[in-house]
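In the numbering used here, the protein residues as written are 73 to 1254.
Wrong hints could be hidden among the right ones.
Taking lysine-lysine and the BS3-like style, the derived pairs with C-alpha atoms no more than 27 angstroms apart in a straight line are [stated by the list, open to error]:
#  : residue 1 : residue 2
1  : K609      : K621
2  : K464      : K621
3  : K1066     : K1096
4  : K1144     : K1000
5  : K282      : K464
6  : K1004     : K1144
7  : K1052     : K1093
8  : K621      : K485
9  : K1004     : K1066
10 : K464      : K328
11 : K990      : K1052
12 : K464      : K542
These aren't lab readings, by the way, just hints derived from the structure by calculation.
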Amino acid sequence: MAAEEPGEPGSAGSLRRCLARLGALRARPDDGGRRTELHLLFDQLISESCGPEPAAAPGPQDVCAVLVQACQLVPLDQEHLVSKVCQLIHHLLNRYQVMVDEQNLNFLLSYCISALRQCSSWTHVEILQALAALVYNNGPKCQKYLPDLLGTAGLLLQFSDPAQPDVELRRAAVRSMANLCLSVPGQPYLDESYRSVCFQTFLSVLQSSKTTDVDDITFCMLLQSALKGVQSLLNGGKMKLMQIDQIGALLAVLKKCMFHGLPGLSIEVPTALYPAPLPQYDKRSPVKQEQSEPATSKQTGSRRKKCKGKQKKGEFGEEGREDSRDAGDETVLGADMQKLQLGDVQSSPCPEPRPRVSDVCAGRDPPSCQPCKRFSSSESEYSDTEGGIQGKVRSFQANVRQGALACFLSTIKSIEKRVLYGYWSAFVPDAPGIGSPQSVSLMTIALKDPSPKTRACALQALSAFLEGSKQFLSVAEDANDHKRAFTPFSVTIASSIRELHRCLLLALVAESSSQTLTQIVKCLAILVSNAPYSRLKPGLLTRVWNQIKPYISHKDVNVRVSSLTLLGAIVSVQAPLPEVQLLLQQPSSSGLSGSATPAREQWRKAVPWAGESPQGSPAGCEQGRKAVPWAGESPQGSPAGCAPPEPCWLLRLCVSLIVLPREDSCSDSDAAFPALGSVYEPCPLRLEALQVLALLVKGYFPMAQSYFLGLGEVACRCMEEMDPSIQLHGAKLLEELGMGVLQQHKPDSPTAPEQRVPVSLVVTFWTMMLNGPLPGTLQSSPHATLQTSACDALSSILPEAFSLLQILCVTLLLLLQGDQQILCVTLLLGLNHSENPLVKAAAARALGVYILFPCLRQDVMFVADTANAILNSLHDKSPNVRAKAAWSLGNLTDTLIINMETMGQSFQEELSDLLLLKLLRSATEASKDRDKVKSNAVRALGNVLHFLQPCHVANPRFREAIEESLQALIATVGSEATMKVRWNACYALGNVFKNPALPLGEAPWATQAFSALSSVVKSCKNFKVRIKSAMALSIPSRRECYGSTEQFCQIWSALVVALQRSEDTEDFLEFKYSSSLRSQLCQALLHLLQLARSTDLPLIGGSLREHGQAIRPYVLQYLSSPGQSEAGAHTELAQRERGLQGAIEHLSAIERELQGKARVRVSLYLEDVLTHHTNATELAEA
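Kindly produce the complete structure, drawing on both the sequences and the hints.
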């Protein structure tokens, strides 16, 4: 073979030659000559493995063969050779990243373990280094050796013991243990007992202090190994930290290591941290200011120089295989900490000018939060020997801090948030008290650490800590001045939030590294997304808004993208916020200085004004884009003064980034995006701008509606592009525009009619879309997500504007449903049938929206076509499709009831009996599906059973289906399904009771239905379900519907018991519904009294004799307290009084016929209640 020829270049040929020499040595006797030959051969191999990178690396088989052959030739009593062969294992496996197969691994591990037992202690470090290289990523293959290594008297436990005097030996043992803890995907992990042993060993190492006889670098390497071990346990073993003492001890050592060797700071952390609302005591040791620190009068510009010092190649070569994968400071960064949101982009060659620090915070900052001097290689003392050692020590100390932060990031993911936030004060800055220094926190590292990678690690850890903190931070409040003898917890958290804003903005203006700058902005975005600004004093978002503006034009694309993310967080948090509304109303001239006017003019040219057509747009789109007004001219029919003199800065910025060609002065770092390098801004920047624009429209539509058609033009342009991601976000922008109009035109909308977008403008808008890219986007079959978004956008059309557009929209939707109807054939543009569940689900939902449109729901043919399409989707194998189809089925059956009430007999006669039967059977079958399908299926059942006519009830074909559907409803009411399902089932039974064609009083299922509702109204944990069941029980309008006297009185008794239990709940959140529940129960009781017969009075009277005093206060409250809405409260109370008087009159008439029997127990009871209520009302009015 050519690979075996002597002239083969590279390490592969050298190794094979060495393998041949080792084979030749096996035939020689074990004498001095052979040992000398082995020494020379091992020296040569070690030298080659430490030399320059070879042109061709050897194969794993060759490396393993050489190592096995070498071990076979070296007996354990020749310790010098044992030491060299272990060095060879260590170097070859690290250099060439070889994964040893299981057979060779077993032999080599056995050899190393035997060597540890038999050889002298001076060889143990080299043996442990070889062991660490062998077990790296091979933990699952080492199971049978774990008792020897990690058992009760395991070798690694002995060598890693705190009493071990040789620190190098201890470090090698800890590193071997850490490599054993690495997980391999798809392979079994360490047993719990071994994990616990390793964790305690790592913890003891991290808790130990450096002694005087140990040098700084060795101690740093020991800490690094222990930190990597803990991180591997947390990541690979999915270890969940549950015990408080275990969590506290780990967090304490991690906090200590986060500040290890940090210049100008030395702290002593307690052995364990405990959950506490206030910062725990950090004892600080006095540290003298470094001599190289510049005077305070020196300008801050020097700290903005880029860090140019890099780790020398091979400096950490002895650290093990995991170190050789990364360069320099990145050795301890986990995969999560190396990823940017949109990928790494080439850094800017020079930083952007920053605002002054004085612009960030008024007043003087505490000394502990001032950013420190950041050393670059030119400012360090690497030139002399002493300085070189100091620089190396600082580098190792920075690695320890990075390792601790990476481990802390893994710890955050391993602890429940509710437990983690008990330690909030230990890692998040708080405002310093009078006369006391600020506690050290993650922000201390972000501000003071000289290493940009360490600062980035601290910010990533802080971001993970803040992620998902919205519920915890929601208690914060400082809107009112605090004047109490104690500081409430809400004020403490609010102070911490303010301090976080201040420190992050301080770090923003002081940072010079683009990568770290990106992390600062991302951290700010996460903080903004979780902070409760409505409960805080205004001004925080204004400072963030003003500080981030210059970074929009930063030369690093990642910084620009993260800056847009931050702006998106500002406009989406608790929208609409008054503070953000004021910021959005600022004129464009207050945005990017020096470029406002030219950019604005260019932007207006790119997106046409009224009467213009965009250059280069397809001819088919021009008809729908004849009028696209922007700022400066009001559209026809729009309210006067709708458009301000110039657009908001953020809107102009986003549109410019999306539609304008890039500016070279701001985009010279987009080397990662060559396809767009000559036309537009980089794709991630445009996508982020589209997302911000959609969030702006969603949260602040009244401001965005001034540019309604222009924003529609932006969406059109995006959907016409070739990039599917740009098309997708263009469709999402279109959907938000449509939803904004829908919300504005709702009957309960707070927007005045004259301030709404005119319907004529909405028609123009959707005409532009349907004559433009939307139909083509719906046919984009290779991109299912894009089709889904297009369907969602199409379902956001305003119903009032739909009548002029209905033909095209309906045809598109029916075709996407896969329905082979005549409407599909009439399409001029053929559409592909979609088999994708996402598209089918979106189309089913859109049909459910369209069926509610007045212009469509009265069309029997459209109702039939839509019903068949929905029923087809209801049997799809995708749960998501079935859920959307069930929702649409509920809407469709709602239209049946509306049409029955508005159109009368004509609509009922035109609707096919066969289709009605299919609806009934399909809904019954769907009611047995999962809860997301069931909740709307039972709603549809109630509507269909309400819609049935006497001819259907008498039809034998319907009889079995009706019985099955009723039994499904009754079973659902009493089931253990979700509360939403049971609520809908109670609602559905109420609809059933409204149908006079059903034999409610005499059918066996009626008794079961009343019994199920009576049980729910007494005992359901959810008060909203109880309310709906009480409402259903009060629907029958005739006494005959309630059946026998016994059944009627059982319903009465259930309502009385439910009224007495209306305040009994285990869930505090249910109390807010207790008043509504009591009102509904009282209404139901009075309804029953108005229908009662003479045979019912004895049992009702007995119930009042026993429970009358208990329910009396509730009835009085019902008569005197209106519902939730203040509007119409007087009318509502008057109706309640009339209901009570009606019950009294009805009962009095019956009791007169009975010659006064039971009068004392019923009508007199009600008259007494009414008299008490009247007197109380008169007294209140007086």
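For each hint, the structure was consulted:
With a C-alpha separation of about 22 angstroms, the suggested pair K609 and K621 falls inside the 27 angstroms cut-off, and the hint holds. Using a Cα cut-off of 27 angstroms, the hinted pair K464 and K621 is violated, with the two alpha carbons roughly 39 angstroms apart. Taken as a hint, the K1066 and K1096 pair is honoured in the structure, with Cα atoms around 21 angstroms apart against an allowance of 27 angstroms. Among the hinted pairs, K1144 with K1000 is inconsistent with the structure: their alpha-carbon atoms are about 32 angstroms apart, more than 27 angstroms.
For the hint pairing K282 with K464, the CA-to-CA distance comes to about 18 angstroms; that is within 27 angstroms, so the pair holds. At roughly 26 angstroms between alpha-carbon atoms, K1004 and K1144 fall within 27 angstroms of each other, so this suggested pair holds. Taking the CA atoms of K1052 and K1093, the gap is about 12 angstroms. The hint holds against a cut of 27 angstroms. In summary, the hint linking K621 to K485 is not supported, as the alpha carbons are separated by about 33 angstroms, beyond the 27 angstroms threshold.
The straight-line distance between the Cα atoms of K1004 and K1066 is roughly 26 angstroms, inside the 27 angstroms bound, and the hint therefore holds. For a cut-off of 27 angstroms, the pair hint linking K464 to K328 stands: about 21 angstroms separates their Cα positions. As the CA atoms of K990 and K1052 are separated by approximately 25 angstroms, the hinted pair is consistent with the 27 angstroms bound. Between the alpha carbons of K464 and K542 the distance comes to roughly 42 angstroms, so the proposed pair goes past 27 angstroms and is violated.
Hints 2, 4, 8, 12 from the list above are not met by this structure, while the remaining hints are.
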